[in-house]
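There are 2 protein chains.
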Amino acid sequence: MAEVVTLTDVARAAGVSPSTVSRILSGTARVTPETRQKVMGEIERLDYQPNILAQGLKRGQSMTVGVLTQELNSPFFDGTVQGIEFGFEDSDYDPIFAGGHSRKSEEKRVLEVLGRRRVDAMIIVGGFLPDPLLVELARSTVLVIVGRKVSGLEEQCIYIDNVKGGFDATKHLIDLGHRRIAHITGIPSNLDAIDRFQGYRQALESARIPYDHQLVVEGAYTEQSGLFAVETLLSRGNRFTAVFCANDQMACGARLAFYRRGMRVPDDISLVGFDGLQYVLFAIPPLTTIRQPMFEMGQGAARLTLSLLEGKKPPHITFATPLLVRESTAMAR
Amino acid sequence: MAEVVTLTDVARAAGVSPSTVSRILSGTARVTPETRQKVMGEIERLDYQPNILAQGLKRGQSMTVGVLTQELNSPFFDGTVQGIEFGFEDSDYDPIFAGGHSRKSEEKRVLEVLGRRRVDAMIIVGGFLPDPLLVELARSTVLVIVGRKVSGLEEQCIYIDNVKGGFDATKHLIDLGHRRIAHITGIPSNLDAIDRFQGYRQALESARIPYDHQLVVEGAYTEQSGLFAVETLLSRGNRFTAVFCANDQMACGARLAFYRRGMRVPDDISLVGFDGLQYVLFAIPPLTTIRQPMFEMGQGAARLTLSLLEGKKPPHITFATPLLVRESTAMAR
DNA sequence: AGAGTTTGAGCAAACGTTGTCAAGTAAACC
DNA sequence: GGTTTACTTGACAACGTTTGCTCAAACTCT
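Just so you know, the protein sequences line up as chains A and B, in that order.
For the first sequence, the working numbering begins at 1 and goes up steadily by one.
For the second sequence, the working numbering begins at 334 and goes up steadily by one.
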């Protein structure tokens, strides 16, 4: 609390001027080996740590990156955040997180972080901010968006092909002989959800299976909503032999609904999820799913941000979404 | 990027001195209603946001709290971090996270965060830093520790009674008539793991069930290790009718091991976990577990930190660890 | 040996705030 | 009407850095 060592202290101790110490630290100018020796010695001895606030004030950059998150409590979100954190680990930047789950409106939040903390860049995870606002924002700051494709900002977006993911998941079921395939959607306002649904429809179409909207029910990405969705589906009385859920959590909820009804997975019903959460490998039975590389995406976002901050234009990375075939899917009987 | 409005800009625009603007903002001194009006108007019009770096430099506080985390990728950890984040939401402080999973040694990491960012307080989540170091650290900074009890720093620790949790879990199985109860431990160097194991032994003892070390196998908190543990247990050839796992993840792994062997839960084997992760409510069958209020603990840590920063000594909160009885446990046959 | 050139290091002015101090003004007292 | 009192405001020096400019000393060259 008390004795914080400043650059000036070091200078005094080494008998040189603050400028010299600063220059040694930043490697800006050359100094005699002896002077350098002495100063470095004092830095070590006094355990000097530069004050980032002062540096930031002077240099006009805070060395922080604001991460704006939206949905809370979702494993997808966690994975991404962890990746972001990891990606900044060996850099001079630190991420600071601003959750969007407060009362304050999203935009206010953005402004606040941007403004007060003078963040050097922003990473936006997920969904709710309108595209135009993001484009506007990108004009005045380094911006990276993960989990979403904003037109005009494609280079700064980290995303996956959700349509393809939905297609592959559904195709897998079709290949197993299923014809009556239900779908539990994500939150309808969510673009990912729409795309996955698109993929589902396209797969159906390409196999010439007529689309039946009675087999589609709206979910909310939670386990609970998956469970409800299956009950809705069942109560409608339509026969189906497989379900594609827009995320793993809903698949788990759906699984429980079937368990309660005594319907066996995969014997009676095949089940496919989306996300590839770690733990669904240990579901009963292990869940077939589309893997979304959340951690890698977060890490990629951090790297991209760093490159952008250094003024480099890195190659755009695309992330694959492999189908992980496990034990929740089987041939249709 | 370009036009950042400073306090001086506002002052100029309003035709007053910077000091006056500063005073209005901080409410330090009184000003005429008209001046205030005018200044507030300009602040609004120019959309001025104070520069926290400059404020921090001047006031000697950075308005940031360093959060040092250790284990990564664990749901327990996630929950706590979310709670911390949430707890700081409405305060003027922002948490910055420093993961302890890097190559750099833990202590170095602490020093770095503390030193460079001039954090006003620290929250340490979990386990590996030696007690004496923490006590030392607490001398020079505001420190809160979550998930651990450090002697001499009890007031600043947020923790649960793991012995009691382990006891309750085991007692529940005993009450159901089980006598041959296996235990899968956590990482042996982890204090929580030791305590839960203690609780297990105490429950056994209080029911006069002899302790059999053949029924105890070491786990590593992961699903995979839970699965292995059950296989080890089974290969030893000792009969048992119930398993208490030191966390939910291992319980899920154990569950899968039983599934593979065709052993039914809870019909053949009763299973109890620890943590109360959201998703195990949707396990097959829903898992009986001891709930550890991770989110609340994180939130509590943030609140405690805030109080400490304000110089208040808040009452120490203790967190309950209720037993959540679900469907993975049944009467012994 | 003197002029030109390099080199090492210091001075001082910023960066955007805050807080102390004093100055200025208007109201209140005798 | 002069003096005290209360109140509002401005000047200015910090906080810990970085950086352009200056300058002395040490080199190079003819």
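Careful, some of the hints might be misleading.
[What the hints assert, rightly or not] Straight-line C-alpha distance at most 25 Å; calculated DMTMM-like pairs for lysine to aspartate or glutamate: (1) B:391 to A:92; (2) B:391 to A:231; (3) A:58 to B:425; (4) A:38 to B:445; (5) B:391 to A:120; (6) A:58 to B:342; (7) B:391 to A:47; (8) A:58 to B:494; (9) B:371 to A:92; (10) A:58 to B:564; (11) B:391 to A:136; (12) A:312 to A:92.
Note that these hints are calculated values from the structure, not bench results.
Checked hints:
Distance hint between residue 391 (chain B) and residue 92 (chain A) is fulfilled; the C-alpha atoms sit about 23 Å from each other, no more than 25 Å. In summary, the hint linking residue 391 (chain B) to residue 231 (chain A) is not supported, as the alpha carbons are separated by about 61 Å, beyond the 25 Å threshold. Restraint check for residue 58 (chain A) and residue 425 (chain B): satisfied, since their Cα atoms lie roughly 23 Å apart, inside the 25 Å limit. Under the criterion of a C-alpha separation no larger than 25 Å, the hint pairing residue 38 (chain A) with residue 445 (chain B) is consistent with the structure, at around 22 Å.
For the given pair, residue 391 (chain B) sits about 21 Å from residue 120 (chain A) by alpha-carbon distance, which is consistent with the 25 Å threshold. Our distance criterion of 25 Å between C-alpha atoms is met by residue 58 (chain A) and residue 342 (chain B), whose separation comes to about 18 Å. Taking the CA atoms of residue 391 (chain B) and residue 47 (chain A), the gap is about 22 Å. The hint holds against a cut of 25 Å. Restraint check for residue 58 (chain A) and residue 494 (chain B): not satisfied, since their Cα atoms lie roughly 49 Å apart, outside the 25 Å limit.
Simply put, residue 371 (chain B) and residue 92 (chain A) have alpha-carbon atoms about 41 Å apart, too far for the 25 Å limit, and the pair is violated. Distance check on the hinted pair: residue 58 (chain A) and residue 564 (chain B) sit about 61 Å apart at the alpha-carbon level, beyond 25 Å; violated. In summary, the hint linking residue 391 (chain B) to residue 136 (chain A) is not supported, as the alpha carbons are separated by about 33 Å, beyond the 25 Å threshold. Among the hinted pairs, residue 312 (chain A) with residue 92 (chain A) is consistent with the structure: their alpha-carbon atoms are about 16 Å apart, no more than 25 Å.
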